Amino acid sequence: MTKPGVLSSAVRVFDFSFGQMLWSRRSVFLGLLVGAPMAIALAVRLVAAARGLPVINGAGLSGATLFGILIWLLFVRFIVPVLGVFYGTSLIADEVDDKTITYLFTRPVPRSAVLLGKYFSYLACVVLLVLPSVVVMYFLVVPIGSRIGDAFPSLVEDLAMLIVGLAAYGAVFAFVGAQLKRPLIIGLVFAFGWENTVLAIPGYLKRLSVAYYLQALVPHAMPQDSSAMSVFLQVFQELPTVATSLICLTGITIVALWLAGRAVETREYVLEQ
Amino acid sequence: MTTKTRYFVIVSLLVMFVGLGTGLVAYYVGFPANAFFNRSTPEELRYLPGNAGLVAYADVREIMASDLRQRLRQAFGAEVQDNSRRQFQDLTGINFETDIERIVACFDPGGTTGGNGLVIARGVFDAVKIEALMREHGAQVQDYKGKRLIVAPHFAENDFDKFGNNSNEPRPSPTSPPTTLALTFVEPGLVAFGSSSLVQRAIDLHIGGGESAATNDELVSHVRDLEGGNAWVVGRLDVLKGTAKLPEVVANQLPPITWFGLRGHIDGGFQARVTAEAKDDESANMLRDVVRGFLALAKLQTSAKPEFQHFVQSLQLGGTGKTVSLSLDVPAQVFDAIGAAIPKPPAPSQTPQ
Numbered sequence: 003m004t005k006p007g008v009l010s011s012a013v014r015v016f017d018f019s020f021g022q023m024l025w026s027r028r029s030v031f032l033g034l035l036v037g038a039p040m041a042i043a044l045a046v047r048l049v050a051a052a053r054g055l056p057v058i059n060g061a062g063l064s065g066a067t068l069f070g071i072l073i074w075l076l077f078v079r080f081i082v083p084v085l086g087v088f089y090g091t092s093l094i095a096d097e098v099d100d101k102t103i104t105y106l107f108t109r110p111v112p113r114s115a116v117l118l119g120k121y122f123s124y125l126a127c128v129v130l131l132v133l134p135s136v137v138v139m140y141f142l143v144v145p146i147g148s149r150i151g152d153a154f155p156s157l158v159e160d161l162a163m164l165i166v167g168l169a170a171y172g173a174v175f176a177f178v179g180a181q182l183k184r185p186l187i188i189g190l191v192f193a194f195g196w197e198n199t200v201l202a203i204p205g206y207l208k209r210l211s212v213a214y215y216l217q218a219l220v221p222h223a224m225p226q227d228s229s230a231m232s233v234f235l236q237v238f239q240e241l242p243t244v245a246t247s248l249i250c251l252t253g254i255t256i257v258a259l260w261l262a263g264r265a266v267e268t269r270e271y272v273l274e275q
Numbered sequence: 075m076t077t078k079t080r081y082f083v084i085v086s087l088l089v090m091f092v093g094l095g096t097g098l099v100a101y102y103v104g105f106p107a108n109a110f111f112n113r114s115t116p117e118e119l120r121y122l123p124g125n126a127g128l129v130a131y132a133d134v135r136e137i138m139a140s141d142l143r144q145r146l147r148q149a150f151g152a153e154v155q156d157n158s159r160r161q162f163q164d165l166t167g168i169n170f171e172t173d174i175e176r177i178v179a180c181f182d183p184g185g186t187t188g189g190n191g192l193v194i195a196r197g198v199f200d201a202v203k204i205e206a207l208m209r210e211h212g213a214q215v216q217d218y219k220g221k222r223l224i225v226a227p228h229f230a231e232n233d234f235d236k237f238g239n240n241s242n243e244p245r246p247s248p249t250s251p252p253t254t255l256a257l258t259f260v261e262p263g264l265v266a267f268g269s270s271s272l273v274q275r276a277i278d279l280h281i282g283g284g285e286s287a288a289t290n291d292e293l294v295s296h297v298r299d300l301e302g303g304n305a306w307v308v309g310r311l312d313v314l315k316g317t318a319k320l321p322e323v324v325a326n327q328l329p330p331i332t333w334f335g336l337r338g339h340i341d342g343g344f345q346a347r348v349t350a351e352a353k354d355d356e357s358a359n360m361l362r363d364v365v366r367g368f369l370a371l372a373k374l375q376t377s378a379k380p381e382f383q384h385f386v387q388s389l390q391l392g393g394t395g396k397t398v399s400l401s402l403d404v405p406a407q408v409f410d411a412i413g414a415a416i417p418k419p420p421a422p423s424q425t426p427q
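These protein sequence lines are chains A and B, in that order.
Sequential numbering from 3 applies to the first sequence in my numbering.
Sequential numbering from 75 applies to the second sequence in my numbering.
Isolated chain A (complex conformation) (with noise of 0.2 Å):
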């Protein structure tokens, strides 16, 4: 009998995976934060129907404007980076946890199709979940005193930069959780320690984060203020081309996918009695 390949494996993995994945416990958590954005859009529109939106400076808030700025610090900053940790690092660490690795271990499939199909699992389910809520966001924010049309090239931009956001993020952690003991601790550390960090240090350090390729993605202006780190931060910054950006992600993805099927491959789980 021949061993069937990675891919097809991986389609069977993603097939059951994905229900289970869904409806788990952790998907709570996604529900709660994919929902808190769409809660804020529902607020802000509210507001603005009966007062208006804010002055700032003398410039008043469109929609266009704070749909950018929802997507900038929600998604970018946050939801995206914390889906990416979250999930990523628990495709193999929950089956270590669980004592259920064995299972799909000693099945006639390679172990890295396992890792593989749950990756694919993770995409599915958090793109499912998180474009509906930034269309959603968008149709309530947008129409505030801008238009539909006008922003739409914008929201198409902005949910490509999600998808290859989280496929970026969620690839880094897999290897991470597929590497590393700890992985939750670990990922957490690089997602709002490190890269975060290297974002405000001038020079070529910023090029060893995910979010330094993905900001270049994103097409609407980052949001300032006058305090001293968004001062520092504007100096600093200099931004990749979204060409470039796209190539460092998919190849950020590429070979961290590749590493987390190495370490699944050659990695020996023990399990804690």
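Source of the hints: derived by calculation from the structure; they are not laboratory data.
Every value quoted in this text rests on a predicted model; they were computed, and no experiment measured them.
One or more of the hints may lead you astray.
[As the list claims (entries may be wrong)] Distance ranges between label pairs, derived from CB positions:
#: 1; chain 1: A; residue 1: 51; chain 2: B; residue 2: 103; range: 43 to 49 Å
#: 2; chain 1: B; residue 1: 395; chain 2: A; residue 2: 30; range: 41 to 47 Å
#: 3; chain 1: B; residue 1: 383; chain 2: A; residue 2: 165; range: 43 to 49 Å
#: 4; chain 1: B; residue 1: 138; chain 2: A; residue 2: 210; range: 57 to 63 Å
#: 5; chain 1: B; residue 1: 383; chain 2: A; residue 2: 29; range: 37 to 43 Å
[Said to hold, decoys possible] Selected chain B positions facing chain A (in silico; Cβ < 7 Å):
#: 6; residue: 76
#: 7; residue: 77
#: 8; residue: 79
#: 9; residue: 84
#: 10; residue: 89
#: 11; residue: 90
#: 12; residue: 93
#: 13; residue: 97
#: 14; residue: 100
Backbone N, C-alpha and C fix where the C-beta goes; we use that ideal spot for every residue, glycine too.
Using the hints, position chain B against chain A.
Only chain B this time, still in chain A's reference frame:
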């Protein structure tokens, strides 16, 4: 895949496809923004010509009631301002403080008459009094498409002297074409005042619709960007420059700006944002450099004046691509300082009873 999971996938995809489909239709067909929400542009825009080179708006009631205005009244002499207001009321029958709610004005560079401005004011007006006063000044009542059009061949110079204009500025040459002004009540509580041709055009637009400032997508888009202030101005510098017939030396020195806008919010202080849309990215960068230089100079000059520190620190240069913007926040203290610096007129001597 279970049925529950399948339903979830279908619903999720449905939300995305309906959303993207609607957005796509809006993008190509031009779905109106006000299909869902409408508070972005003043409705009076539909009475202004579509090719207006300059459009301005002021929420007069809000500005008149603002703390800043009260401070300015005290700083610059309430009595003088009251006299001016009274003289204006005597001449036009309109109390600027109480009668007008908001005004929208425009300058039409394509106007063929001597005057090519139009003011649309919304408020509470005494139509009979206004008409009587205008007739006193030589105006005649005409009928235009069923509307009473009060036309003044031109305002006599004496009329303007009533405002106390004692300056030595040269008066317009008597050979210049007379300014034909007209006034009409487009609808109850809405008065249009300006050059006759534009007032007639406003009546045409009111009756039959047509191309107006409200249908000029580019203008409306710039007006929407100015939302939030209680006064704003938006215009095309390139169009105005052509109309102004400036000397070539001066015209060449002006930055290559197409659209410009000023949004002001007057309350306790004055917050504003000036935006300019340059011809291209390079011009915008050059303009930013110039403004940055002026900001540095202003910071240097005011370093020893604490009352201006907040104002100078509030100056923020921004904008991306072709757009250059400058935000500023003038606190009430700055106006107090200016008011204190202006020499007060000597108090009238008390005559013994």
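Verification of the hints:
| no. | hint | in the structure |
| --- | --- | --- |
| 1 | A:51 x B:103: 43 to 49 Å | violated (25 Å) |
| 2 | B:395 x A:30: 41 to 47 Å | holds (42 Å) |
| 3 | B:383 x A:165: 43 to 49 Å | holds (47 Å) |
| 4 | B:138 x A:210: 57 to 63 Å | holds (58 Å) |
| 5 | B:383 x A:29: 37 to 43 Å | violated (53 Å) |
| 6 | 76 | holds (5 Å) |
| 7 | 77 | violated (10 Å) |
| 8 | 79 | holds (4 Å) |
| 9 | 84 | violated (10 Å) |
| 10 | 89 | holds (4 Å) |
| 11 | 90 | holds (5 Å) |
| 12 | 93 | holds (3 Å) |
| 13 | 97 | holds (4 Å) |
| 14 | 100 | holds (4 Å) |
Figure legend: structure checked against the earlier numbered hints; hints not met, in rising order: 1, 5, 7 and 9.
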